Every structure is written in structure tokens, then in C-alpha cells.
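Asker: Just so you know, the sequences run in chain order Z and A.
Each step along the first sequence adds one to the number in the working numbering, with nothing skipped, and position 168 is 168.
Count along the second sequence from 1, add 393, and you get the number used in the working numbering.
Straight-line distance between alpha carbons at most 25 Å, and here's what the computed BS3-like set of lysine-lysine pairs gives:
{"id": "1", "chain 1": "A", "residue 1": "LYS746", "chain 2": "Z", "residue 2": "LYS281"}
{"id": "2", "chain 1": "A", "residue 1": "LYS465", "chain 2": "A", "residue 2": "LYS442"}
{"id": "3", "chain 1": "A", "residue 1": "LYS396", "chain 2": "A", "residue 2": "LYS584"}
{"id": "4", "chain 1": "Z", "residue 1": "LYS281", "chain 2": "A", "residue 2": "LYS745"}
{"id": "5", "chain 1": "A", "residue 1": "LYS777", "chain 2": "Z", "residue 2": "LYS281"}
Residues on chain A that point at chain Z, a partial pick, calculated with CB under 7 Å:
{"id": "6", "residue": "VAL729"}
{"id": "7", "residue": "ILE733"}
{"id": "8", "residue": "TYR747"}
{"id": "9", "residue": "ASN750"}
{"id": "10", "residue": "GLN753"}
{"id": "11", "residue": "ALA762"}
Honestly, the hints are just simulated from the structure, not real lab data.
Bear in mind the structure is a predicted one, so any value in this text is a computation, not a measurement.
In this text, a Cβ means the ideal position worked out from N, Cα and C, and glycines have one as well.
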Amino acid sequence: MKTGTANIRNLVTRNIRTSGIYIAFVLIIALFAILTDGTLLSATNVTNIILQYSYILILAIGMVIVIIAGHIDLSVGSVVALTGAVSAVLVVENGAPWWLGIIAALVVGLLVGAWQGFWVAFVGIPAFITTLAGMLLFRGLTLLVLGNISLSPFPAEYGEIAAGFQNGLLGGKGFDLFTVVIFAIAVAGYAFSAVRARRNRIAYKQTVGATPIFILRLVAVAIVVMWFAWQLAHARGLPNVLIILAVLVIIYTLITTRTVFGRHVYAIGGNLSAAMLSGVKVRWVNFGIMLNMGLLAGVAGVVYSSRSNGAQPAAGNMFELDAIAACFIGGAAVTGGVGRVTGAIVGGLIMAVMSNGMQLMGIDQSIQSVVKGLVLLLAVAFDVYNKRRAGAR
Amino acid sequence: MSKNILEMRTITKTFPGVKALEDVELDVIDGEIHAICGENGAGKSTLMKVLSGVYPHGTYTGEIIFDGKEAKFNSINESESKGIVIIHQELALVPYLSVAENIFLGNERRGRGGLIDWNRTNHEAMALMEQVGLKENPMTPVGQLGVGKQQLIEIAKALSKEVRLLILDEPTSALNDHDSAHLLGLLRKLKERGIGSIMISHKLNEIVDVADRTTILRDGKTVETIDMSEPDSTQDRIIKGMVGRSLENRYPSRTHDIGEEVLRVENWTVHHPTQTGRVVVEGAGFKVHAGEVIGIAGVMGAGRTELAMSVFGQSYGRDITGEIYKRGERIKVRDVSEAIRHGIAYVTEDRKKYGLNLIQDIRTNISSAGLGKLSSHGFVNGNKELAVAEEYRESMNIKTPTVLQTIGNLSGGNQQKVVLSKWIYTDADVMILDEPTRGIDVGAKYEIYTIINRLVKAGKAVVMISSELPELLGTCDRIYTLAFGRMTGELAVTDATPQALMALMTQEREQEPMIKDKEVLS
Chain Z
1 MKTGTANIRN
11 LVTRNIRTSG
21 IYIAFVLIIA
31 LFAILTDGTL
41 LSATNVTNII
51 LQYSYILILA
61 IGMVIVIIAG
71 HIDLSVGSVV
81 ALTGAVSAVL
91 VVENGAPWWL
101 GIIAALVVGL
111 LVGAWQGFWV
121 AFVGIPAFIT
131 TLAGMLLFRG
141 LTLLVLGNIS
151 LSPFPAEYGE
161 IAAGFQNGLL
171 GGKGFDLFTV
181 VIFAIAVAGY
191 AFSAVRARRN
201 RIAYKQTVGA
211 TPIFILRLVA
221 VAIVVMWFAW
231 QLAHARGLPN
241 VLIILAVLVI
251 IYTLITTRTV
261 FGRHVYAIGG
271 NLSAAMLSGV
281 KVRWVNFGIM
291 LNMGLLAGVA
301 GVVYSSRSNG
311 AQPAAGNMFE
321 LDAIAACFIG
331 GAAVTGGVGR
341 VTGAIVGGLI
351 MAVMSNGMQL
361 MGIDQSIQSV
371 VKGLVLLLAV
381 AFDVYNKRRA
391 GAR
Chain A
394 MSKNILEMRT
404 ITKTFPGVKA
414 LEDVELDVID
424 GEIHAICGEN
434 GAGKSTLMKV
444 LSGVYPHGTY
454 TGEIIFDGKE
464 AKFNSINESE
474 SKGIVIIHQE
484 LALVPYLSVA
494 ENIFLGNERR
504 GRGGLIDWNR
514 TNHEAMALME
524 QVGLKENPMT
534 PVGQLGVGKQ
544 QLIEIAKALS
554 KEVRLLILDE
564 PTSALNDHDS
574 AHLLGLLRKL
584 KERGIGSIMI
594 SHKLNEIVDV
604 ADRTTILRDG
614 KTVETIDMSE
624 PDSTQDRIIK
634 GMVGRSLENR
644 YPSRTHDIGE
654 EVLRVENWTV
664 HHPTQTGRVV
674 VEGAGFKVHA
684 GEVIGIAGVM
694 GAGRTELAMS
704 VFGQSYGRDI
714 TGEIYKRGER
724 IKVRDVSEAI
734 RHGIAYVTED
744 RKKYGLNLIQ
754 DIRTNISSAG
764 LGKLSSHGFV
774 NGNKELAVAE
784 EYRESMNIKT
794 PTVLQTIGNL
804 SGGNQQKVVL
814 SKWIYTDADV
824 MILDEPTRGI
834 DVGAKYEIYT
844 IINRLVKAGK
854 AVVMISSELP
864 ELLGTCDRIY
874 TLAFGRMTGE
884 LAVTDATPQA
894 LMALMTQERE
904 QEPMIKDKEV
914 LS
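Using the sequences and the hints, build the whole thing.
Answerer: This is the structure:
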């Protein structure tokens, strides 16, 4: 059987766009680990990074789909605030049960998504404008709902969502065995699916990477992930929010890579006219994309209000920019058609590690902002450069 | 005997793989109206781009002598500064700027301190507008004026630059009769003032009417230059020059086994999507049977693509009226997914712009229109998809190491095979192919013809739109001709000659008689 084995250089150059981001991620971690004398990688700090940036990552998942389709959503920060505010008004102010707050937040998120989807998909207002208006609109509604004051605290159950941990379910000496087991299962699952995908590709006579490289990659991933699990297990255990995040990443990776809807999103972003002429119902797909973004903004709203244990009028300010930056750093194309959920997550983590590292080093907020801005600019410049080289023909 | 203002000698221009122009000669006498004729792809536009500096000196061979001196233009600006002004088919005016602003765009009339002198601008604009017979307020935004008037503004703009030689590319193709007559009159007036022009046109009656001499191009070569004052310089004479070549054995033979009627379109009228009131296709109709290839012939802008796209799920135009029948039953085709459901496929003229997602791989492009067949409960079966892509790679002979290759990296011929695969996979009964062999080399063309033959052998109906008459004559069973949005004729391929088709394709609206050959096949 002829399978063809791509050599390393070929593999690297072909995948530089997607793998470059992982290399950059490792380098940035290494840089800040050294600069902070290892504090960055300490057990508590690793946990902190997850807790602190979870809502940005959740937003980035929805945002990358929006961006792949060639749109943008500037309103998510305001939607985070609004959904959290609605939840707080119900739960904190009116004493509704905590789960009703969650449902209400998600419903409000969906309503916002439907509203913006209507304007973008059926009226044809560019998403930039629709969501710019939404940014103002939903911020205003937040202030209205909250009556310009902060509301807190939530009941303890609500706080568990973002601040709670799964710990001690299986015991363990000085560390949480449960966390380690869960991660071990996850790694095994990843390895299993990777091997199966590889077998399939060989069966369909497609090019695959060389076997040693494949094994090396699996081992590397396993080591990194298990080390990460070890760190979490030594701190406070498995954060609930990490479970939420993992579930969302898996679901949305499936949606973007395996479903008809996902294909249509890429088709619209890659060539709108061709998508239309191939029978893609562009309007409904666009509506679905915005609806989904609203829902995820609602999820992020719940997580954020849970973590901050209340709702503030200024909550979620500038979140949209962090989420958008995460997508572009993660390899999404400015012109649409290209991007990955995992890429957006890594992009978000790069931002998270940089902010966290600089905070640990006591670098001034102003410099932090400058550095983050430059990183975003360089990431997109890299994308544009790549495209120009590839699209010259 | 007047002198030549322009002499183009042995102009040869090659693009990778194609010789667009070969030893082309063109003489233009000072102050004459010189027409250039030829089929689509004969090299007319390329020649004008060489002349105006769009293709800078050095990218072609041969020499251009303008006004007695050798000209080596490196850009449009250089040719314009010598007085050669080209007016393209697609007008280059800014719709939100006023007439006066457009006339002096890039050439603004400045007063004290470098600021624009609006009084002078508008005053001079009015003088120029009068010369071209345009009675409008110079402050009117151009977008509010019709195409005919916009064309006049382009000419006024050229006059403001002290033009010596005006080049018009299909100047009247978008104009109605009244505006066309006015424009041609204006060209004559300019000629009296000593300003000559080169006019590229498909409207042969206009050429006979207005041109002093006509140069005919064919396949990138000069065929001849005709003096239009000779008594035998008729439309037929020009047509003969344009198509005068024999059909070579470039088309694979096939059996003609024609079955029942699959698709019939009747009374099809389509309006322009943005220019209200402009009719692009008027009362057109055609039918196609299983196992049959029909051709739709027409010059560029005749409404061929517009006809096909409007039939294909109303992808073009507005206020579309008419009936579509599938196997004798009337069907409604309101969007593309309905068209696909009814078994209609449309392979676009511009595959890069409308047919492919260039940043994705071959596999994804092949499956993009037939994802429904590959998925259950909204999930795409990735393995089956790969298998399908592999199957088509083999059966269509798509030359690529893997179907995971990004499609932008393939040659035009292979890209076209991917587009065809995509539509064949939708199990369409009717394949509308719009210029399926444009921009691909001869070998790949032969392969495409072979694929078409395979399709009709399998009982599919094929509608082929092409600018190349030999291609239509070599592949079709029946050919419809489309001119200015109307069907002007229907010929069995056995009765069709290039001359007859060209005459029908250039038939003007006023001329009533149509060659109707309905009995040929039924």
C-alpha cells in the first residue's frame, strides 16, 4: 500500500500557519517561566490563569466561528454584563433559585443573539455595525437592569460554577487523585482518536506524517497535559470551569470540523458567492452564528458573574477585544474562511500567559497594554504576509 | 494622403502558456475612426492594454510608433500624457462625485494656494459637457445619471486631457439605441475636429456605419484591415474575417442518443439587479433533452450568464418572470438549494470568483454542493467524503498528489475538473456549463469535452455557454443564439455555420426576422 510519508520540513512549512502558534505558545511560556523564576508555572498560578481567563476563552470559541464566517462581534462584553445582570437581579435581588439565574442568563444570551442575527442575516447590516450598536445597546440595558448599582453576593451554589473545584473524590496523598485520573482518561482518549484518525487516513491513502514524529507528538502532548494535571492536583483540584471549558471545546471542535453547519461557516467565509451558488442558505447560517455567539456570551456572563460573585454595571468591559485578539493570534484570517477553535483557545492562552506573567513581574499596566497590542499586530501581520505569499498566483 | 498617428509593429505578447498576440500590426491614420473586430479572446483588449501602457514596455515585443516617435509607455499615465485615452467597457467614474469633479479627477483645476477653484472647475466642465452634447448641471452626482450620459462624461474627461487618440472598448454595449446614436454622432463630430478614435465593438452595423477602416483580429493575429469605403465592406465581409477558420479535430466524437425533454424554460425575462428598468434577458426560452448538448451562443454582454444564473435559483437579477418545466412539469426554483433539489447544476464562468473556495482543499470543494448526501443528522461523514473525493480524482483525472491539496495551487484545467466533480456529485440531470474551457489549455479542454460526452452518454442534459463558436459547433447538438438579451435563433448543429451564428449573435433589436428552426429536432 502506498501511503506517502511527508518529510519533516514539508510538514513544518505546510503547517507553519497552524503549528507556528503552538511553537510561539511554548516559547512565551518558557520566556515568562524564566523571567518569573518559575512562579508562572507554580501550581496555584496555573490554576489562577485558568480561573482568570476562562470567560475570555469561552467568548473566543464563539468569536472564532463569527470570524471564520467573515464577521466580527463587538458586543460580547456588553452581553456578558447584561446576562450576568439579569441573573443577579433574579437571584440576588429577588431570591430566585441559583439555577433559574443560569437559565435566565442563557435565554437572554440567546435573545441577544437572535436580535443581532436578525439584523446581520436578514436585513443585511454588516456585523461590525450591528454589534457596535449592540455594544451600546446592551451596556445601556445592563445599567437599566441594575439601576446603576452593583448587586452581590450570589448564593454559594452559584459561586461554585466558576470558583469551585472537584477535589478529593478519589483521595490521594498530598494531591487530588481524581484530577489526575480524569486527565489520564482524557489523554488516553486523545491518543485513541489520534491513532484512529491516522489509521483512517492511511486506509484512504492520504499522506500522513512519519510514524516517529506522530508518536513523539503524542508523547509530548501526554507529558505536557499530565504535568498540567499534576500542578492542578497539587493546588485545589479540578476547577469546575475547566470542565465547562473542555466540554465546550470538544463540542465546538466537532461542530466546526464535522458538521454541515461548520462546513457552511467555512464556505461562507472562504468565498461567499461560491457558497451561495453551492446551495448554502447563507442567511440562516449567519443567523445561527450570531445566535450561537449570544448563547456563549450568556455562558461567559454566568461564569464571570459567578467568579466576581455579583453583577457590576461595568462588567465585561473590553472583553470583546480580548476575545477577538485571541482568535487572530490563534491563526484566524482577517478576511474569513480560516480559523480553528483550538487555535482561538491557544491564542487566548497566549494572551493570558502574557498578562499573568507581566503581572507577576510587576510590570506596569501601561506597558502590558503596549506589549499585548504589539503581539496582536505581529500575529495578524504574520497572517497577512502568509496569505500574500500563498495568494500570489 | 494623411499620415499615420499610430503604428503598432509586430506586437507579440505572451502570458504563461498562451500567446495572446502574435505579430499584430495596426495602423491608425490621424483623425480616422478605426474599428477593431474579433471574437472574444481574439486579443482586442490585450492589444489595447499594450497600447495604453497597462502592460508596460518590455513585457511585450514589437514597437509602437505614436505621432512619429517610438513610444515606450510604462503606465497609463504616460500614454495619457501623450494623448492616448482609453475608455473601458466598465466605466471608471466615482458615482458620488459630481460631473465636474469626475471630469477633472486627478487633474484638478487649482487656484490660489493650491486649493481647488470651483468656479473655474464647473465653468470649464460646462464647456466640455457642451462639446459632448451633455445638458446637465455640472454639480450633479454622476450616480444619478444613466449609463449613456456617463459614457459622455468619460469622453468629456478625455477631452479635458487634450486627447489625440480616443480608444473606446465596447462603447455602446450598455447603451440603448438613442444613446448609441448620440455617441456615434459625437465620434463623427470629434473626427471633424481632428480627433481620431479606435473603437472595439461587436455591433457590426455600427462599425459599417461609422468606421473609416476596420482591422480584424483572430486568435491573436491580424487578419486584415478593410477600407470601409469599399462597396463590398459589409457586415458579412467582417464576419467572414472574424471566424474564417476550419474546425479541426479538437473534439472527441460521441453518439447522439437523444431522449425525452428534461428542462424547458419559457418566456424568461430578467431585470438588472441594480439598474432599475434595464432588461437584461427578454422573453428568452430554451429546452434540452436527455443525452443532448445544447449551446447558447452570444457575444459578451448578450445576457448568456445572466440567463443561466437566473434560471439557477434566481442567482442573478430581479423581477424575474417566466416558466421552468422539468420533464414537462412546471417547477419553482426560488433559490440554489431548490435548483439542486430539482437536479439543476450550474458551473460558473468565473470559477475562482464564484465556483471555488480557493483557500480550502480539493475534498471540501468537491463535497460542498452535495454535503446532504454525505451527512446524517447534520454530521458530515469525513471518511465517506474522502472516498468520494478520491473517486473523482481518479475518474476525472484531477492531477494532484492528494485531495487534501489546497485548490488554489492547482492549474486552471484541474480546478475546472474539481468544479465539474462538485456538480456531478449532486446527481444533477441538467448541467449548465458556462464557459467551461475558458483559460485552460488545449489538452485540458479535450478532457473537459470527454467529460461532457460521458455525461450525455449517462443520459444527462447539458447546456453549454461559450464564446468560442468552434467549440459550440464541435460539441453541441443544437445551438441557440442570444443577442442583446433576446433569443435570435435556434439551429441544429448540422445547419449551423460560424457565419450564420455570428450574424444571429450580432442581430440588432430592430431587425425583426429570426431564423426559427423548430422542426429540426423533435
